[in-house]
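**Student:** Chains U, H and B, in that order, are what the protein sequence lines are. By our numbering, the letter at position 124 of the first sequence is numbered 124, and the numbering carries on one by one without gaps. By our numbering, the letter at position 105 of the second sequence is numbered 105, and the numbering carries on one by one without gaps. By our numbering, the letter at position 145 of the third sequence is numbered 145, and the numbering carries on one by one without gaps.
Treat the hints as calculated values from the structure; they're not laboratory data. As the structure is a prediction and not an experimental result, all values here were calculated from the model. Glycine is no exception: its CB is placed at the ideal position from the N, C-alpha and C atoms. Just to be clear, a hint being listed does not mean it is correct.
To be verified - From the structure, some residues in chain B lie toward chain U, with a derived Cβ separation under 8 angstroms:
(1) Leu103
(2) Asp165
(3) Leu166
Stated by the list, open to error - Here are the simulated DSBU-like pairs of lysine-lysine, each with C-alpha atoms no more than 30 angstroms apart in a straight line:
(4) U:Lys124 <-> B:Lys268
(5) H:Lys18 <-> H:Lys121
(6) U:Lys108 <-> B:Lys11
(7) H:Lys8 <-> H:Lys121
(8) B:Lys268 <-> U:Lys68
(9) U:Lys135 <-> H:Lys18
(10) U:Lys124 <-> U:Lys135
(11) H:Lys18 <-> U:Lys129
(12) U:Lys68 <-> U:Lys108
(13) B:Lys11 <-> U:Lys36
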Amino acid sequence: MRLVIRSYTKQFRHNTVLDDITASFESGTIYGLQGKNGSGKTMLMRALSGLIRPTSGTVEVDGVPLGKDFDMLPSVGVLLESPTFLDSYTGLRNLETIASIRQVAHRKQLEDTLRRVGLDPLDKRPYRKYSLGMKQRLGIACAIMESPDVVMLDEPFNALDASGISLTRTIIREEKERGALVILACHDAQELANLADEILVIEQGRLVSVIDDVRKGVENGDGL
Amino acid sequence: MSTPTTLKLFIRDLQVGKYHMIALACATCILSVFGVLSYLYATNLALQLMPSGFTSHVNHDAWSNLWLFGCNPASNQPDLPFSMPTSWIGMHLLFVALPISYVTTDYRRSGIQILTRTSRKTSWYLAKLLWTILAIMLALMAALIPLLSQPSIAEILFEPTRLPAYASAAILSTSLSILVTQGSWQLGAIPTLLAYTIYLGVCAYLPSDNPLFIGSLTMLCRYRAYIGEMPIACIETSAALALLVISTLVCVLASKRDVIPGPLGECR
Amino acid sequence: MLRTEIYRMLKSRSFRISLLVGCSIAIWELIVVAIPYAYGPEWAFMRSGADGAYPPSLFNSWLGGTPFSLPSLVYFFVAPLLACIPYASSLHTDCAGGFAIQLLVRSDARTYLRSKIVSSVVGAIVAVEIPLLLSLLLTATVLPALPPEATAGTFFVSPTAMLGDLFYAHTWMYLMSYFLIEICTICAIAWAGTLLGLVLPNALMTTVAPFMICMILSVALTPFNASSYTPAELLNPSPTGAANVIVALMAYGSILILCLVITCIITKHIEWLQQ
Chain U
1 MRLVIRSYTK
11 QFRHNTVLDD
21 ITASFESGTI
31 YGLQGKNGSG
41 KTMLMRALSG
51 LIRPTSGTVE
61 VDGVPLGKDF
71 DMLPSVGVLL
81 ESPTFLDSYT
91 GLRNLETIAS
101 IRQVAHRKQL
111 EDTLRRVGLD
121 PLDKRPYRKY
131 SLGMKQRLGI
141 ACAIMESPDV
151 VMLDEPFNAL
161 DASGISLTRT
171 IIREEKERGA
181 LVILACHDAQ
191 ELANLADEIL
201 VIEQGRLVSV
211 IDDVRKGVEN
221 GDGL
Chain H
1 MSTPTTLKLF
11 IRDLQVGKYH
21 MIALACATCI
31 LSVFGVLSYL
41 YATNLALQLM
51 PSGFTSHVNH
61 DAWSNLWLFG
71 CNPASNQPDL
81 PFSMPTSWIG
91 MHLLFVALPI
101 SYVTTDYRRS
111 GIQILTRTSR
121 KTSWYLAKLL
131 WTILAIMLAL
141 MAALIPLLSQ
151 PSIAEILFEP
161 TRLPAYASAA
171 ILSTSLSILV
181 TQGSWQLGAI
191 PTLLAYTIYL
201 GVCAYLPSDN
211 PLFIGSLTML
221 CRYRAYIGEM
231 PIACIETSAA
241 LALLVISTLV
251 CVLASKRDVI
261 PGPLGECR
Chain B
1 MLRTEIYRML
11 KSRSFRISLL
21 VGCSIAIWEL
31 IVVAIPYAYG
41 PEWAFMRSGA
51 DGAYPPSLFN
61 SWLGGTPFSL
71 PSLVYFFVAP
81 LLACIPYASS
91 LHTDCAGGFA
101 IQLLVRSDAR
111 TYLRSKIVSS
121 VVGAIVAVEI
131 PLLLSLLLTA
141 TVLPALPPEA
151 TAGTFFVSPT
161 AMLGDLFYAH
171 TWMYLMSYFL
181 IEICTICAIA
191 WAGTLLGLVL
201 PNALMTTVAP
211 FMICMILSVA
221 LTPFNASSYT
231 PAELLNPSPT
241 GAANVIVALM
251 AYGSILILCL
261 VITCIITKHI
271 EWLQQ
């Protein structure tokens, strides 16, 4: 699958949040979005997934523009900002509720996904009793549970302990090996350098550079 | 660094909650204006239909949309039909719904930040209580303005033989609203509002010789039967003060609990 | 997604509260009105038809047949609130909390909004109509369904009221027609309430706002002799005022069309559904 964003500009009232962004993304690759707070990383993810409509420009999936035959990416899992679920439901029930929309993942798959992120599928506690780290893990589980073609993770390492961070790195690599297109936003440059095949640097809504030889740079000990 | 006292928190509430206060005052004023316009329409219509004067029935209809007039209790007399006093109930619900909305919003936005900086939770609760009292009193003053524009209404409100009816009804309304607001913090906003609406409907329907239905004491409808022969203003004022004391006690007791009940019970 | 939303609505605590309160009022009516009518000694002469009095019937003893009884007054007064409590604030909660994003990326704005509005309307209809049907059924267990008699003086539907002549000619047809009018009114209230959630600051105001609007309408329409078009009157199968069914359907139909237009506009501005 090939995802292309062409001359994408988004304005909210008089504020330009994304400015003439052009980039392409291929399956089986991990792309990192690097930039300061408020630079536009999350907005770019929203644009790619179809959650916002462009002021100008297009997003194309295998040559078909979003908004023509479909409004959203056909198969995407997202973790954007803080994950939010239904307070009175358990983690598994929350995933079941969301998975029932596409009916792609069955219960066993959801249970396996929860175990994969380090949560107990038999936990009867409602979501509102979860710690911040548990909420983050559930958010990651929700993004990967249906084995989507595109996985977008915005600051997935927030609130995670060392084992959680290690688990999340493993999950990201496994998703890449599965053939998914992984887009990862993180303020930790070292983390991005370790994981990403290509890094897009964003500043004030503009794509300022693309580092596509991250692995070579890391091997050479280049600072990022 | 000094910890915020109740007064400081109250001043903060005045600044942060000013838009809610303004919204409450405007909403009550608009409801009051509608009532006065309705009163004028009914009296003008009566003048056109009966130039010699009003019948009591028409006069009653003219008054019925004024919010503090209320309604007759249900009776079997065909010339005194019962209809739900929408203005009266609407005003009382506004006194409760908007303060609950402000407390909910403030708690969600910065409740944790403020609570962790106060030495006692009681200060936070008392500040909210004071804010609610002030907001309702301001709203009642805003609702009074359209009423004062009509001399006949002003005469009823400020009869020299009794305490100003408006003042005593206002105190009782405020106290009842405070108690219900406190209840919503403990039991949840929606069930409390629903129960309060039903309670107000029952108060309107029944004659007010049952002290449980204290809400009906805020109605000025002259057909209502009042308790004993005590001057109504004394009953209202005493009831109001009692309710105020009870709601303050509830507030203080609630603040002693280990679990912080959010306005919508979200901390349970 | 529709099935998911309806299942979520049916399992929610607020739906159960609303249904419980409505059914409690229906049972309250049965206890204080229908059973005394059926078994009280003061009505024995009416039951026997003595003095030419028309015996009490199902149609003037159930919740929708006694406009001046306390349970009936309370029920139709709080009906807009009972309609909005189940699910009207869920769109606001989803959007404000960010849960809507997870649903939007798995479908699209149109499907999401459609499911949300349909489930909100279904919840409202069930919460308001089930107690009425319950009251009708329970009252039918204690009183016979004697056809209404206009000259009896104990039936509160005036022949000049909306569809009043139908009430005396074909009572069951009247009730079915009235249920349809009620469904139209409830649909308008629930749909408008759901959409209001996108502009109001919290879930409480979203739930209460349609009810407050209905009360304001009640006050505002009284001077123009149009209080019979308020929701409380339209939801009551024994209205106290005269109303034209075409005018009522046009008024509430207009509200539904306006809601439809606003919904279509929202589907074009998907950002409005996000934090």
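**Student:** Taking 30 angstroms as the top limit, are the C-alpha atoms of Lys124 of chain U and Lys135 of chain U close enough?
**Tutor:** 14 angstroms, holds
**Student:** Taking the least C-beta to C-beta distance, is Leu103 of chain B closer than 8 angstroms to chain U?
**Tutor:** Since the shortest Cβ distance to chain U is 7 angstroms, the answer is holds.
**Student:** Between the alpha carbons of Lys135 of chain U and Lys18 of chain H, is the straight-line distance 30 angstroms or under?
**Tutor:** Violated - the C-alpha atoms of Lys18 of chain H and Lys135 of chain U are around 35 angstroms apart, more than 30 angstroms.
**Student:** Quickly compare the C-alpha distance for Lys18 of chain H and Lys121 of chain H to 30 angstroms and report which way the hint goes.
**Tutor:** At roughly 22 angstroms apart (the allowed maximum being 30 angstroms), Lys121 of chain H and Lys18 of chain H satisfy the hint.
**Student:** When you check the alpha-carbon spacing of Lys8 of chain H and Lys121 of chain H, does it fall within 30 angstroms?
**Tutor:** Between Lys8 of chain H and Lys121 of chain H the Cα gap is close to 14 angstroms, so the pair holds against 30 angstroms.
**Student:** Run the distance test for Lys268 of chain B versus Lys68 of chain U: straight-line Cα separation, threshold 30 angstroms.
**Tutor:** The given pair, whose Cα atoms are some 13 angstroms apart, holds under the 30 angstroms limit.
**Student:** Should the interface hint for Leu166 of chain B be scored as holding, given a Cβ-Cβ cut-off of 8 angstroms against chain U?
**Tutor:** 44 angstroms, violated
**Student:** CA of Lys124 of chain U to CA of Lys268 of chain B, is that 30 angstroms or under?
**Tutor:** 39 angstroms, violated
**Student:** Is the Cα-Cα distance between Lys68 of chain U and Lys108 of chain U 30 angstroms or less?
**Tutor:** 35 angstroms, violated
**Student:** Does Asp165 of chain B hold up as a contact with chain U if the rule is Cβ-Cβ below 8 angstroms?
**Tutor:** Status violated, d = 49 angstroms.
**Student:** Does the structure keep Lys18 of chain H and Lys129 of chain U at a Cα separation of 30 angstroms or less?
**Tutor:** 34 angstroms, violated
**Student:** Hint check: Lys108 of chain U vs Lys11 of chain B, CA-CA at most 30 angstroms. Holds or violated?
**Tutor:** The given pair, whose Cα atoms are some 23 angstroms apart, holds under the 30 angstroms limit.
Consistency with the previously given hints fails for numbers 2, 3, 4, 9, 11, 12 and 13, ordered from lowest to highest.
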